[in-house]
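Student: Residue strings, one per chain:
Number of protein chains: 2
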Amino acid sequence: MAEKNSDLKLLSAWYSPMATRAKIALNIKGLEYENIEEDLNSKSDLLLRSNPVHKKIPVLIHGDKPICESLIILQYIDEVWSNGPSILPRDAYDRAIATFWVSYIDEKLFVCTKSILEAGEDVEKKKPHFEQLEEEILVRLEEAFNKYSEGESFFGGNKIGLIDIMFGSFLPVLGLIEEINGKKVLVDDKFPGLVNWAANFTANSAVTGTLPEIDRLILFAKAQQQKWALAYKATSAN
Amino acid sequence: MAEKNSDLKLLSAWYSPMATRAKIALNIKGLEYENIEEDLNSKSDLLLRSNPVHKKIPVLIHGDKPICESLIILQYIDEVWSNGPSILPRDAYDRAIATFWVSYIDEKLFVCTKSILEAGEDVEKKKPHFEQLEEEILVRLEEAFNKYSEGESFFGGNKIGLIDIMFGSFLPVLGLIEEINGKKVLVDDKFPGLVNWAANFTANSAVTGTLPEIDRLILFAKAQQQKWALAYKATSAN
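Each protein sequence line maps, in turn, to chains A and B.
For the first sequence, the residue numbers in my numbering are 1 to 238.
For the second sequence, the residue numbers in my numbering are 1 to 238.
Just chain A, with the same shape it has in the complex:
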């Protein structure tokens, strides 16, 4: 049952993996919160005031305290509501390993998927990023899953934890990439561990309803691509 907490607001955007992370963490702890959907083309005063440095979502506002950036939000939630199910591992070395993979996901997977999406229809431009995704990043993550899950459903063992949330929030982006390129990436014969993990992750009660629907994401991505194409045209106009 959700703990009543009228003091918790989340500034987010429905399509953002970073915002999804915060939502899942709040669900794991059973915390009620007010979700405030931001229009990033016209940012609210609350967002500009709460994150004046980066002006980006997600921002968790706890009472009058804003907390920015998904990893920092997850750490904060885990520490403040420490009597709920834990998100980060308790052991210092296990925590070091988990944050190492989180930074791998945010450096490699985030940048790579963004490059694929921004390349739009340009097959040649997409090619090296697709190769990196299939031959390097997912291979590493499959290895990590097999090493750390120890036969259980999640990266952290038998329950959902930090790596699961940080990686799992990108599953809709992977789905989107598969859809618009007409090619399955997360396939069972190459990544059996991750395919199983993804099914368990999306079925988890803390995750249900937090992941954006692929169809809606496709429409959104197409509109974004048009914006990127226009911006590119504008900068290379003369």
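Mixed in with the good hints there might be a few duds.
One copy or two, either will do: identical chains are not told apart, so a pair holds if it fits within one copy or between any two.
Claimed, not checked - DSSO-like mimics (lysine-lysine), calculated; alpha carbons at most 27 Å apart, straight line:
id: 1; residue 1: Lys-55; residue 2: Lys-184
id: 2; residue 1: Lys-55; residue 2: Lys-108
id: 3; residue 1: Lys-126; residue 2: Lys-55
id: 4; residue 1: Lys-222; residue 2: Lys-125
By construction, these hints were calculated from the structure, which means they are not laboratory data.
Following the hints, complete the assembly by docking chain B onto the known chain A.
Tutor: Here is chain B on its own, set in the frame of chain A:
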């Protein structure tokens, strides 16, 4: 007095701000360690084995456990040797604020100073990065210092902490940039808080001997620039 700990090895490079961070943290906790200087042109088997994903320094090896990446190393040291002086703030919100500024430093200051150094003699190429450094990044950090130090010497108050270490490790790089461009950046009339902080930081007993000397750094940077110039020539040869 340093705690004997033959079980601690640090794979590092003398010029690396990231490695400097780990050294300062180990000093704060009074931990003895074996410093192993890596030649990044010919990486040791120990480095390749300890950080197979990124193959980068610093790596702290505790017993047989490798811990990679400076922030993760600092968090690990702070948690495992928790009875020494604390590096991260104890309060969850203060910790969220500190890690927010650490990520600002690593995203903005690191990328900006790297761009200035890589631009070499190209004044036009350097200009926007210099402007960003002087008009944005250091302005933000001066504001943050004045807000969080509360009249004390360090970002965290009266003793050296996470932001101090993460930012202070870049002081030699700023010194190098000032030297090769013949222009002071960290000047008293624009950044009085940071100028004072930098003096207190470099004089701190945990920091002494960890920062690379500017003269040696200049020679190193010049050699690197030649390498970058050659690499550029090679890639644009035809």
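Student: Evaluate each hint against the coordinates.
Tutor: Tested hints:
1. For a Cα distance limit of 27 Å, the shortest separation of Lys-55 from Lys-184 qualifies neither inside one copy, at 35 Å, nor across copies, at 30 Å.
2. Both within a single protomer and between protomers do Lys-55 and Lys-108 lie at most 27 Å apart by alpha-carbon distance, with minima of 23 Å and 15 Å respectively.
3. In the homo-oligomer, the alpha carbons of Lys-126 and Lys-55 lie at most 27 Å apart only across protomers (26 Å), although the nearest pairing inside one protomer, at 29 Å, exceeds that limit.
4. For the identical chains of this complex, Lys-222 and Lys-125 are intra-copy neighbours only, at 17 Å inside a copy versus 34 Å across copies, given an alpha-carbon limit of 27 Å.
Violated hint for the displayed structure: number 1, the only one.
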